[in-house]
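Undergrad: Just so you know, the sequences run in chain order A and B.
For the first sequence, numbering that gives the first Met the number 0 begins at 0 and goes up steadily by one.
For the second sequence, numbering that gives the first Met the number 0 begins at 0 and goes up steadily by one.
No lab work stands behind these hints: they were computed from the structure.
Values in this document were obtained by computation on a predicted structure and should not be read as measured data.
Each statement offered as a hint is correct.
The calculated DMTMM-like cross-link candidates involving lysine to aspartate or glutamate, where the alpha carbons are at most 25 Å apart (straight line), are:
#, chain 1, residue 1, chain 2, residue 2
1, B, 2, A, 45
2, A, 7, A, 269
3, B, 59, B, 1
4, B, 48, A, 316
5, B, 2, B, 138
6, A, 7, B, 188
7, A, 2, A, 267
8, B, 59, B, 124
9, A, 330, A, 456
10, B, 142, B, 157
11, A, 2, A, 19
12, A, 2, B, 188
13, B, 2, B, 169
14, A, 330, A, 453
15, B, 59, B, 85
16, B, 142, B, 162
17, B, 48, A, 321
18, A, 330, A, 311
19, A, 2, A, 269
20, B, 142, B, 170
21, B, 2, A, 19
22, B, 2, A, 42
23, B, 48, A, 311
24, B, 142, B, 169
25, A, 7, B, 179
26, A, 330, A, 300
27, B, 59, B, 128
28, B, 142, B, 117
29, A, 330, A, 393
30, B, 142, A, 19
The chain contents come next:
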Amino acid sequence: MAKTLFDKIWESHVVADLGEGWALLHIDRVLLHDLSGARALTEITDRGYRLARPDLVFATPDHAVSTLPGRTSETFAGGARTLANLRIKARETGIRLYDLGQPGNGIVHVMAPELGIVLPGLTLVCGDSHTCTNGGVGALAFGIGASELSHVLATQTLMQRRPRNMRIRFEGTLRPGVTAKDMILAAIGRYGTAAGTGYAVEYAGSAVRALPLEARLTLCNLSIEMGAKMGMVAPDDVTFQYLAGREFAPRGADWAAALAHWQALPSDREAHFDQDHRLEAGEIAPQITWGTSPEQVIAVDAAVPQPRSANDLAALEYMGLEAGRPIAGTKVDWVFIGSCTNSRLSDLEAAAAMLGERRVAPGVTAWIVPGSETIKREAEAAGLHRRFLAAGFEWREPGCALCVAANGEAVPSGARCVSTSNRNFVGRQGTGARTHLASPAMAAAAALAGVITDVREFG
Amino acid sequence: MEKFTTLTGLGAPLLWSNVDTDMIIPIQRLVGSGRTGLGQYGFERFRGKADFPLDRAQFKAAPIILAGENFGCGSSREGAVWTLMDMGVRCVIAPSFGDIFHNNCFQNGLLPVRLPIEIIRRMAEAMEESPGNARITVDLAAKQVITPWGEAVPFAVDARKREALLSGLDEVAQTLQLAEAIAAWQARDRAARPWAWAPVSR
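Can you make the complete structure from the sequences, with help from the hints?
TA: Here it is in structure tokens:
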């Protein structure tokens, strides 16, 4: 029977069929970050369990660490104890920990592909909903809660109910100024924030095949914003070239065996999808959110829509926007370029490409937060940091920073921020902060112009 | 995990759609926190605002929340469930839930019940109109909700999740009984996919 990419990975990981669609799944890799990791490791030892496979567990602090240049683990005092606990538990249990300042450290969903921890055909979990990012390499990766994480650490398995298959095909060619971020925001705007609930989503079509690997990670990152725990792109030559030579990628004879396995993973031509959608890539404009849910999104050259529900009304009020007015030209106070969505080298290059001889507009605070220590070093080797600094941006240390504001860094109440992150929820970037989600190029343009700006007209 | 069998009590209407876990508990409250004592921070960004239903005196101790579409979407933070439990909430009735939140509920003995929005709205109206004596009963064994007007409305729930809630089962202990099957799967997989193991095993 014809199978999807998802079917193939799911079925090959069933340790026990538990009936009614439930299975005990083997989990090939576990990622821990500072907030979920220290607590989970403590819980399982407190309950008298042992770590099943420490060699399959990888940890990195990212959420509750300062991103101030020159930071130490004490700079954000609120997270210092959590990080200290993570270090102790990592040592006790023998898991790998990539600590601050070490190559490999960074946002958990940035470092995992970067090190080749995640590979096509693997199952991977993390106590973080954006684990779906890792599906960009063709893995089955999803976020879980604290109790499920304890279960995985103690057993290397997880009880899950099999989701249904959804495919979203992006056909055609993206127009200049349009990115993977705009593709997924447009899809969420079209289908809604709960459309993917209960589904594993595969992104396919010629426009997805044409995306570089880092852009595929961005695409999959926002799957959870459409309700889907799992988002994935079939592995292909782009994937294989990206992974070759990475620290935990297979080598030698293992590489050849892996490649044979990976090439058989893509969905069969006749495979059945319970839902199958098609979007025309060439019709997608640069996107920006106007409200407090990622589905409240419009093309940057559109007007703020008329409210259709109490939710819309509350969002307009929170965001301080007026229906019917063009969103372009709205004054901006903050810009954040970073997060597991858009903090990779290609994202920073896209932002830098907007600079020219311009400077950050007066009154705008603009942050660049590279996604990992390695990205930071690569960007610095290429001189990107000097260009950002000269233009008036702040060049920070790697971490989640203003995406989740768990580290004492926050957008002030009432301030308007164009952000490359993934959630525009009420208070997400700080109590009272107003978030507009957009691509790195759009964010950089907003920083330089001081207002929400259409990148296509920013010459 | 706390058992869940039958619950009778007030239902607090919170009929907004897309109530995300950031709204239930801001992340700042979960840095360095444990699983307890979080109820005081529940929905803190909405407290004291005129239209926030959970502030109203008659619903403060409600063990049931009557919610809108996609309740618990967003972040995987289980702290959202710990917060609701610490507020005294043992059941959320909504037309749909965020996937990860839905799983997290079952891990803690909080029952998520899916019902059509029309019934939830009617129950919310009944709670609003009542002088304080209206009650909702959620019976997990019988898989039904008894509305304030006495109608028994059936709901669907996974058999294994229902059994786990009724008995307060420890899933880790249950899975460890399958240790041999897990070891056998791993041995087979190491032979079939050495490339998935060799680079990381030590």
